[in-house]
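Here the protein sequences come in this chain order: A and B. Numbered by this note's numbering, the letters in the first sequence go through residues 340 to 427 in order. Numbered by this note's numbering, the letters in the second sequence go through residues 124 to 472 in order.
Just to be clear, a hint being listed does not mean it is correct.
Taking lysine-lysine and the PhoX-like style, the derived pairs with C-alpha atoms no more than 25 Å apart in a straight line are [to be verified]:
| hint | chain 1 | residue 1 | chain 2 | residue 2 |
| --- | --- | --- | --- | --- |
| 1 | B | Lys151 | A | Lys343 |
| 2 | A | Lys343 | B | Lys144 |
| 3 | B | Lys144 | A | Lys416 |
| 4 | A | Lys346 | B | Lys308 |
| 5 | B | Lys144 | A | Lys346 |
The hints are simulated quantities; they were obtained by calculation from the structure and are not laboratory data. Bear in mind that the values here come from a model prediction, so they are computed numbers and not experimental data.
The chain contents come next:
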Amino acid sequence: MTEKESKARRTFPCIKCGHCLDACPVFLNPSLLGILAQAGRFEEMEEADLATCMLCGCCSYVCPSNIPLSQMFALAKAGAQRRKQQAA
Amino acid sequence: MTETPLDGGLMLQLRASPHLKAPDSTPKIMWNVVGSLVPVIAAATWYFGPSALLVIGAATAGAVLTERAFGQRGSLGDGSGAITGILLGLTLPPGVPLWIAFVGGAFGIGFGKLVFGGLGQNIFNPALLGRAFLQAAFPAVMTTWPGAPATVARWSQLRGDNLAFPFTTPSVDAVTGATPLGLMKFESTSTSVTQLMIGDISGSVGETAGILILLCGAYLAARNYLNWRIPVAVFAAVAALSGLLYAVDSARFASPLFALFSGGLMLGAVYMATDMVTSPVTNAGAWIFGIGIGILVVVIRTWGGLPEGVMYAILLMNALVPFINRATQPTPYGSPGRAAKHRARGAEA
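Construct all of the structure, not just a fragment, from the sequences and the given hints.
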């Protein structure tokens, strides 16, 4: 990667542009999932079909606000896994 | 993300994938919208002289200064405050006193955006909320439409009492001329569609040059900086409903082309309704949102007390956006709903 490509960018609030919904190959709503993740509402993320997400990263790529969507989803998935193991 | 020094002073950045980013960013989108408004502002100055620039400048100053004073630090750089101010200025009559334009910009940003938590959190389009406030607070000033003088003085003469001192009643000594929609509603006279498209008519500062606004919108749509489905749905709904009324009684109702190019419909459909924050995130929702605005515009213009209804139509649909979003959630891959959809499509083929 060039220096320009790897430069850290500022994250802006979600402007609901909907580009992530267009990009998602499994028809999720990454915008809503991202807002839930930032609010720490992980149970609701599971209700919003977080498990269907395969962490392809398309939403993070297109997000103009540079929100680390798939990175947050990876953390939320790990958290869900842990909760499941503790419950079992 | 952390930076880890290795032997030899090499710095490695550790991050989770994806490592590449699309070139678009929120400030880039916002400043592109501002840039696409430059031709519209130029046309406004051509038709309304120095008054246009003064009004747009005052509204922008009100919006930007409020954002600077009460917004989060550095939020001016994303350009959304400037857009609100410019768009508000474009929806004001050219003869409006500058202090009123300034108050409108400050109200739009303060109560339309900052009280909700700044960029991305607001329910209503801030520019239109500012205009709705001005319409309620100064109804006489907001419905006085100075006509364009035909002489050379159009370049030097103000279109009204722009420089009225705050909290005084502006003296109305300018030439006034009704807007095409006002003429249609109260005197049942139509204006030629060519004139409406070019914009050489009485009206708000930036709403008259219909063709130019369409071209600027096409540029934004081509770069995916606005959802083309919203303006297309608005135009289709307005054309269909006003076409139906025109077919029933062509003497009483306006023709569809007149409905499309008169008043603030072009500016509203292309720049206000497509505000990303206050429009639905789903594409299905964008169609519903646009059709709803189109129907409300025709209903308010035809049966309402006001000659123009684009502002209230968009604000009303803004309030419905959370419900539209909820109703049009995408069906995830592998869910029973999508399987049923897939089967239905297979059965058709």
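Results for each hint:
For the hint linking B:Lys151 to A:Lys343, the alpha-carbon distance of about 16 Å falls within 25 Å, and the restraint holds. The straight-line distance between the Cα atoms of A:Lys343 and B:Lys144 is roughly 11 Å, inside the 25 Å bound, and the hint therefore holds. Taking the CA atoms of B:Lys144 and A:Lys416, the gap is near 23 Å; set against the 25 Å cutoff, the hint holds. For the suggested pair A:Lys346 and B:Lys308, the alpha carbons sit about 57 Å apart, so the restraint of at most 25 Å is broken.
Annotation: proposed proximity of B:Lys144 to A:Lys346 holds, straight-line Cα distance about 10 Å (limit 25 Å).
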